[in-house]
Amino acid sequence: MSATPTRSPSGSSTPSGRGRHARRRPSEFLLPDGRRILVALPEDAAALREKHVSATDAEMQTEVVVHGSAEHERLLRQSQAHHAQRRAELRARAAAASLLDEWDAAGARLDAVTAELEALADHSGRLRENFSKFGYDARLRTYGGGDEEDGGRRGSRSPSFAGEKEERAPDEWSERRGGNVMKLFRRPVIRQYFHRGLLWRASEETKIMSFELFFDLLYVGIIAINGDHAAEDATGHELLRFVVTFCMSWKIWSDVAMLVSWFETDDILQRVEILFLIACLLGLTTDMLNTFGEEYDTYVQLVGFYLAARLFMAAYCALTGILLPLVKGMMITQIILVLIPSALWIGSTQVEMPNRLGLTFTALALDLFGSTLYVGLFRYSRTHQDGIARKIEQFFEFYPAFNIEHKVERTNAFVSLVLGYSVVGVIFQNAGFGLNAFLGKAILGLVQAFIFNWIYFEVDGELDNIHVHAIRRHANYAFLWQYAHLLFIMAYILAAAGLSKLVVADDCPDAPPDTLTELYRERSEPEVSTGLRLFYCAGLGVALFAMGLINLSHEHKIPASACRLPRWLRLANRAAVCAVLCCLAAAERLNSLELVGTTTALSAWVLGVELVGKSCRGESMFGADGRCRYTAKCSRRELEDATKSDGQVDVVELSRGEKTAAPVGIE
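Just so it is clear: in the sequence shown, position 620 is 620 by full-length UniProt numbering, and no numbers are missing.
Hints may be right or wrong, so weigh each one.
[Stated by the list, open to error] Pairs of lysine to aspartate or glutamate residues, derived as EDC-like cross-links and limited to a Cα-Cα distance of at most 20 Å, are as follows: (1) K183 to D255; (2) K207 to D287; (3) K407 to D266; (4) K328 to D464; (5) K207 to E409; (6) K614 to E555; (7) K183 to E458; (8) K557 to E405; (9) K557 to E640; (10) K614 to E405; (11) K328 to E212; (12) K407 to E458; (13) K614 to E409; (14) K51 to D267; (15) K407 to D287; (16) K51 to E116; (17) K557 to E352; (18) K183 to E212; (19) K51 to D111; (20) K207 to E405; (21) K407 to D464; (22) K407 to E594; (23) K183 to D287; (24) K251 to D287; (25) K207 to E238; (26) K251 to E409.
[To be verified] Just the calculated beta-carbon pair ranges, DEER-fashion: (27) P566 to S620: 16 to 24 Å; (28) A586 to D510: 37 to 45 Å; (29) A84 to L269: 17 to 25 Å; (30) M182 to H52: 47 to 55 Å; (31) Q350 to D233: 33 to 41 Å.
Calculated directly from the structure, the hints in this document are not laboratory data. Note that beta-carbon positions come from the ideal geometry of N, C-alpha and C, so glycine has one too.
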């Protein structure tokens, strides 16, 4: 793909380039009734309508439609059908030589309309491939799909900007060389951005890189160390330490995911940068447990490693702003949002506890929620027409956007790590007969983790049921989706850490601690503390509530009238269960086995209500009746006859019934 910005006479930077992401000029075609149809971009449609509505030419009526809209496609198909019918009529009368010219003219019109319709179908098809599971509209554009001659069907090549040569040779030449060279440094390329009300996206799919998965591996240790230490001493002090340290590590993870989604470099330097951030994150992890400690406080070291990563991000944004002046406004904003909290973090290291908490939480809030400031400014510039709005719009003329598919896949991968931690937490080792209460609690905990995995991925996040994803639906829903995930992850880690302690607790019948190995015998306790109950029960309740917020942020396909239970009723049931789970921590008369069993039953109730409630009215829950009849059924004689030709079977010559074993009907 190639994207070359050029300067218009007015001085504004607009993307151009042959067959790449140039601004589309209005095109036109004629309808059978003589009307002229102008096809324009959404921001040009209103001006063209005003221009042609006052036209005095009564012989030529002009209509304006938005490129890619349903009306555009309908009119093209109407014109195509007319010209095809006209050509068929002329073909029947082609004996007369006087009709040959008319034949050629009708054929040319049909070819022109068909070519435009195919281009529209190709554009929509490429969009549907990446956007159908998250929703899209006519304001989306792709660039880098190939030259105009091939209609965007050729594979895209490496993106380049003004003054930059193509860095990749054609695919055929790469194959002849038998290798691929990774550059030491490449100029960053914007993967997708907003410009003049449109979202421009590269035609290439944004894939998860291997170093991103390696980066996630460190969070396996962060989750385990942070969660286990919090469960060992379930107090308010541990909760404070857990929230602060985990949010700091989450901020580094989200920044890396955002920058990788914004820009494409794929060079050696990028991997060195990621390695540096991993080293900073490792240093931050080694200072987590003694943060806010009474004997020795590692808060200063923790902040030092955190600021090293954040200031490195600011330097990266500064370099990117120099190399890509198109997004200089956004890069300046990112630098400001790093420097202001950094000053507060440095100030917090000079203040003793508990006074430092004011600076700590202020800096942490700016780091986590600072993105809402520039998003709010960007949205203000699009909805207002005053002088301030125009200056803001000029400042954010090119606004980088993250790839939704990449963001969702990265978040799902992180959630999988958290769910995996809950599965590992219920595992213990026996030193005696193993059929006891310990095993029962472990199985109940495993069922509980499976239910939460089911609800998250197949109920709340089922792509086939999402009409418009929260990120594309609205900015407010996008922030709700993002911060609900942070709340869900932190709450579930605390619940999983508490569950790991409850599994080996010996406060219930048939739970002899001498049947455990020495390591787990040391973790076993005869009583379950109130703090541990609160971490476990309230963690599950808050996690389930956050999953409800994630569900609420999406726009779903199935209307409320078509479901057995509308979504608001299912979410109300979930909220009631969340309240019960949070209050369950006060039931100290329940032992660990009864507590885990009760929470698992409540989780199963929520899952059952969701599965039954979201199903369509009148649809059976038990599948179709009758037996399935298969077509790939033949006798030994028929099989021998089919293989007489040198023991080989020509699949092309076989009938459909001989090729497939798929069910074709119900007897």
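Against the structure, the hints come out as follows:
| no. | hint | result |
| --- | --- | --- |
| 1 | K183 to D255 | 24 Å, violated |
| 2 | K207 to D287 | 33 Å, violated |
| 3 | K407 to D266 | 18 Å, holds |
| 4 | K328 to D464 | 38 Å, violated |
| 5 | K207 to E409 | 9 Å, holds |
| 6 | K614 to E555 | 14 Å, holds |
| 7 | K183 to E458 | 41 Å, violated |
| 8 | K557 to E405 | 19 Å, holds |
| 9 | K557 to E640 | 51 Å, violated |
| 10 | K614 to E405 | 25 Å, violated |
| 11 | K328 to E212 | 26 Å, violated |
| 12 | K407 to E458 | 18 Å, holds |
| 13 | K614 to E409 | 24 Å, violated |
| 14 | K51 to D267 | 50 Å, violated |
| 15 | K407 to D287 | 29 Å, violated |
| 16 | K51 to E116 | 24 Å, violated |
| 17 | K557 to E352 | 53 Å, violated |
| 18 | K183 to E212 | 19 Å, holds |
| 19 | K51 to D111 | 29 Å, violated |
| 20 | K207 to E405 | 9 Å, holds |
| 21 | K407 to D464 | 18 Å, holds |
| 22 | K407 to E594 | 39 Å, violated |
| 23 | K183 to D287 | 36 Å, violated |
| 24 | K251 to D287 | 17 Å, holds |
| 25 | K207 to E238 | 38 Å, violated |
| 26 | K251 to E409 | 17 Å, holds |
| 27 | P566 to S620: 16 to 24 Å | 20 Å, holds |
| 28 | A586 to D510: 37 to 45 Å | 26 Å, violated |
| 29 | A84 to L269: 17 to 25 Å | 56 Å, violated |
| 30 | M182 to H52: 47 to 55 Å | 53 Å, holds |
| 31 | Q350 to D233: 33 to 41 Å | 28 Å, violated |
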